[in-house]
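K.L.:
Residue numbers (my numbering), protein chains in the order written: chain B, 900 to 1010; chain C, 3 to 121; chain A, 331 to 673; chain R, 190 to 710.
Any given hint could turn out to be false.
Claimed, not checked - Capping the alpha-carbon separation at 25 Å, the derived lysine-lysine pairs in DSS-like fashion look like this:
(1) Lys939/B - Lys583/R
(2) Lys617/A - Lys938/B
(3) Lys945/B - Lys568/R
(4) Lys934/B - Lys617/A
(5) Lys939/B - Lys690/R
(6) Lys617/A - Lys367/A
(7) Lys657/R - Lys962/B
(8) Lys654/R - Lys962/B
(9) Lys107/C - Lys962/B
(10) Lys934/B - Lys945/B
(11) Lys393/A - Lys938/B
(12) Lys568/R - Lys107/C
(13) Lys302/R - Lys962/B
(14) Lys690/R - Lys302/R
As the list claims (entries may be wrong) - Stretches of chain A that chain R covers, calculated by requiring three or more beta carbons in the stretch to come under 8 Å of a beta carbon on chain R:
(15) 357-369
(16) 459-469
(17) 604-610
Hints are computed from structural coordinates only; laboratory data are not their basis.
Because the structure is a prediction, the values reported are computed rather than measured.
Heads up, the beta-carbon is just placed ideally off N, CA and C, and yes, glycines get one too.
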Amino acid sequence: MFSLESGSGFWNPVLWVLALFILFLLFYGIRGFGKSTYKKGTEQTKVFLSGNKETSPEEMHVKASNLYWGFTTSMKSLYSLLRKMHTGNTSDYILWFVVVLAVVFLIMGVM
Amino acid sequence: MIEYIPYIGVVAMILIGLYPILFRRNLIKIVIGISIIESGVNLFLIILGYRDGGVAPIFTSLPPGTTYPEEMVLPVPQALTLTSIVIGVAVLALMLSLVMHIYRKYGTLDVQKIRRLKE
Amino acid sequence: MNISALSEVAVRVIVGSLGLAAFGIFFGLMLKGIDRKLSAHMQGRIGPPLRQPFRDVAKLFVKENIVPDQAIPWVFNLIPLVGLIGTISILIYLPLGGFPPLFSTAGDLIVVLYLLIIPSLCLVIGGFSSGSPYAIVGAQREMATMIAYEFPLAILIVSIAWNLLQKGMTQVFSFSTIVATPVWNQVSGPLGFIGFAILLVVLLLVTPAELSKIPFDAAEAETEIAGGLLVEYSGRNLAMFYLTDGVKTVVMASLIVAVFFPYNLSTLLGLGTYDGMVIDVVFFLFKVFLVILFSVTLIRVAIARLKIDQIVYTYWVPLTLVSLVGLILVMWDGVIMNFFSSA
Amino acid sequence: MTFLETLLAHSPALVIATPLLSAFLVPLVGRISPRIRDIFALVMLGVTGCFIGLLASDVLSHGSRVYVFGAKNLSVPLVRILFEVDSMGMFMAIITVMLAGIAVIYSWSFLQKQDGLDKYYTLLLLVTTSALGMELTGDIFNFFVFLEISCIASCALIAFWVEEGEALEAAFKYIVVSSIGALFVLFAIGLLYAQYNALNIATLAHLLQFSFLDKIILVLLLVSLGMKAGLAPMHMWIPDSYGRTPPSIVLLIMSATLASFYGILRVIFTMYGNVLTTPLRFSLPAHLIIGWILIALAIVSILIGVIMALIQTDLLRLIAYAAVAEIGYMFLAIGTSIAALGTTYATVALQGGVLHILNDAIDIGLLFLVAGAIYFVAKKRSLDDISGLARNMKYTTVFFIIGLLAVAGMPPLNGFTSKFLIYESVYQVNPILSIIALLGSILLLAVFIKVFYAAFLGPELPELKDVKEAPRSMLLAMGFLAALAVCIGLFPNIFLDALVKPAATALLDHAQYINMVVGGL
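Here chain B stands alone, though its shape is the one from the complex (with noise of 0.2 Å):
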């Protein structure tokens, strides 16, 4: 019931959610034992930056443009070939559909 099959494997979504839901409450239960409380509006609650100043929001913000650094860093290569690709030149644009069509054309061509 409910289970999805592909003849290799096999996926049934509602045992899994039912399980999840059934861990949920065990320990958002065991969770509650825990303490709750601490001093909101001291020193506790300012992020820790290694005893450095804190500054405003904007300057704190980690920009989405820096993320994954370390990815497009190790792909150097394959980042600007592809952004040498993707000109915006409308020209380019067909350009590509006719080396597709020429491509796939001597493909069949020759089959």
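We have chain B; now place chains C, A and R onto it with these hints.
P.N.:
Quick look at chains C, A and R alone, frame taken from chain B:
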């Protein structure tokens, strides 16, 4: 040989139309290129319906003595071409109005410079 | 489906998930303790007692649960819990201790591969939601690490299934098939054996990244970004992440055991039902311990931390190429053997 | 004949006629009151939806139908247009009308302060009409006409924010690309007519020989429609046009794009269905070559889509690249099912691909709507300028999380169900295909986690301190898609059995499609 010339013309027109689209920088020339491709395709459709010595495929005004349907040109390609021409006019008008507005905003018609959207 | 079958399923879900939660947490924390003790001995220290992780959790529960001003409270508090239950839920698909999985026809290898994303994903979202620059830097590193190791991991899982398919199996992604036909029995010749050995090594190298252990722990990097994505977590929320880490260790080790070492002693020794079960469970725990010893403890004692771009490079270039070589060897295995046998 | 039976008998025509007529009634109704006009557009789409539902229930239970415009019995054949409605066409029509309805609901608030809305609703209904026409027609030239209508209407819609130069640029690029694509389609249609003297898809399929000219036709149709569907490396217009229009319009362009994708399915599976197994050189069957060409382009689409999405900062543009990757998944699935035609996993792959059409429409649509809500409240495009919206926009955040998990294919949402079927079938052709598909999904997850952080988490910026939750009609539109994503995710087999399997069967059963027409009406 002579009957192949229209087909050669069709291919030539499509290639000639592609040239300004691919290699010319002026937007108007690109629009003209598209227009030429369209004429090429329309020409192709018309050739398909051509019949040597045929008459217009209108039942009510056939010249006396025509054998039906052998002496009529094919009506379907003509209908296709008409539709295609009408669509072509609409596309052409839309493109030209876009070019006009782009010129107002960008101050240029150079396709190399009209690429604020890239990557 | 009638009522009795339905209620049976319900009982299995409830009892099973509670039992697996207890199992996962207990052995996860035990493995953590063993790991710490062993690595301390390797470094010439005495190290904490084995029950230290249990004490840590107990201590965290009585500590204050601080929510920083910059955090988004509902995400910040919810995510550790989701991470923990998501991780425990993977156990219901895995064969543990010689027993078949709790639900052997409800999820397969691809599902487990996807569910394995959940703990890391929750760490990432938790880090992002805490509003600290350290945590954000750590979280994006964790995400980059995740992208990095998923490539070799996907190669590995698909090539195992593909090999089983070539040997005429059906339901090749299901754990019951994988456990019933261990990969080492499914090779036609030395090429396949070498291929799978390469893939095993790759999987052992993916494990420390999956578990955020040195040398792939740039996301936490205590000495550099002060604990990274966990820097703002404290009290019971941190305890949840701590437990997640423990359960994740069990999950990853059981996955490796299920895929590469699904052998049992009871059939070999010809033992009876109950003593056979005991032996199997003990043997299973021993295998899990060995996997953790080789892929976590030894590596983290021996090697220093890598930079994040080095991590991505390591996984996407050398390790991916190596695992592709493994895949190609596995693919050629049957072909070449057939060629020789026909020639 | 009762009234209902009459309606049912003419519903294929009414499905097209209702939105077409109401498109031109909208400006008149707009004269009375803008509010009535807004509701009128939705009601007319609802009526169209009712016709589609009526037709779909009939097609699913009694098999395909043929509807004739023009003479039923004529001494000169072929001077008529046929609509041939099967389960696949109905599946696409349901998606189209759903997207259009959601777009209307969403634009009630989103475009409230804009002018020119009379024309907006007219064009919206025209795009819907053209997409529905492409999906129901049984005539290849008719298909081209609807393709051109969708091209013109979508182009005008893309230029909706006409004050921005970028919108004009996007519209110009779109019309150049799609009119050239359409002209090549027309050229192929001319070639078909020259050879077989027919324009009806079923008749053509019956007559097709797979001569050299037929190969050229196939390539022309495949590549031109592929460009309209956004297949890499001809995908570059997608980020441009999706990224510069109001998100409600993106849903419509997306339905036009999916209709082009449907065109490819129709061409390969039905029109060339009889000749797919023709052996070519080296005794390789034709379907293997076609399938591998599609698979290769699909892999390129997935990789380029996700890798480029990872570095985007403009939110709408980022989602557009993700849409390219999703299109890649569909092509991967159908490419596999063509390359491995006849095997059981080919059917599974096709089912996965067909289900992915629906899932792509839901997931990418939902994400675009969320992005639109962010733009609506924050008036900013770049992810660098927004932050911390989860504090004030709780519902939108929840909808975004659902969209994020769905598009990345995380269980238990709908994206996982179709991707699950795709992973577990394409690896049988070659393991590397599944690996790249898995990798694409994890990269998509990374892409949208970045958006989640940048837009919703993160510190609160002073200028965004008092943003409000999005208006109610936008929340309704997003909520509907999100609920659908959860439903399909939790009960995939219900949707699979009810809609997807009949559609996949209809695609594979080209003989039945042909016999409906060729066997005589």
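K.L.:
Take the hints in turn and mark each one as holding or not.
P.N.:
Tested hints:
Proximity of Lys939/B to Lys583/R is assessed by CA-CA distance (about 23 Å); at most 25 Å being required, the pair is judged to hold. Taking the CA atoms of Lys617/A and Lys938/B, the gap is about 46 Å. The hint is violated against a cut of 25 Å. For the given pair, Lys945/B sits about 30 Å from Lys568/R by alpha-carbon distance, which is inconsistent with the 25 Å threshold. Simply put, Lys934/B and Lys617/A have alpha-carbon atoms about 37 Å apart, too far for the 25 Å limit, and the pair is violated.
Proximity of Lys939/B to Lys690/R is assessed by CA-CA distance (about 57 Å); at most 25 Å being required, the pair is judged violated. Proximity of Lys617/A to Lys367/A is assessed by CA-CA distance (about 18 Å); at most 25 Å being required, the pair is judged to hold. For the suggested pair Lys657/R and Lys962/B, the alpha carbons sit about 23 Å apart, so the restraint of at most 25 Å is met. Under the criterion of a C-alpha separation no larger than 25 Å, the hint pairing Lys654/R with Lys962/B is consistent with the structure, at around 18 Å.
For the suggested pair Lys107/C and Lys962/B, the alpha carbons sit about 30 Å apart, so the restraint of at most 25 Å is broken. Using a Cα cut-off of 25 Å, the hinted pair Lys934/B and Lys945/B holds, with the two alpha carbons roughly 19 Å apart. Taken as a hint, the Lys393/A and Lys938/B pair is honoured in the structure, with Cα atoms around 12 Å apart against an allowance of 25 Å. Pair hint Lys568/R plus Lys107/C holds up; C-alpha atoms about 21 Å apart against a cutoff of 25 Å.
With a C-alpha separation of about 31 Å, the suggested pair Lys302/R and Lys962/B falls outside the 25 Å cut-off, and the hint is violated. Annotation: proposed proximity of Lys690/R to Lys302/R is violated, straight-line Cα distance about 44 Å (limit 25 Å). Residues of the stretch 357-369 of chain A lying with their CB closer than 8 Å to a CB of chain R number 0, which falls below the three-residue condition for coverage. Coverage of the stretch 459-469 of chain A by chain R holds. Counting CB-CB distances below 8 Å, 4 residues qualify, and the rule asks for three or more.
Look at the stretch 604-610 of chain A against chain R: 0 of its residues bring a Cβ nearer than 8 Å to a Cβ of that chain, fewer than three, so the hint is violated.
Violated hints for the displayed structure, listed by number in ascending order: 2, 3, 4, 5, 9, 13, 14, 15 and 17.
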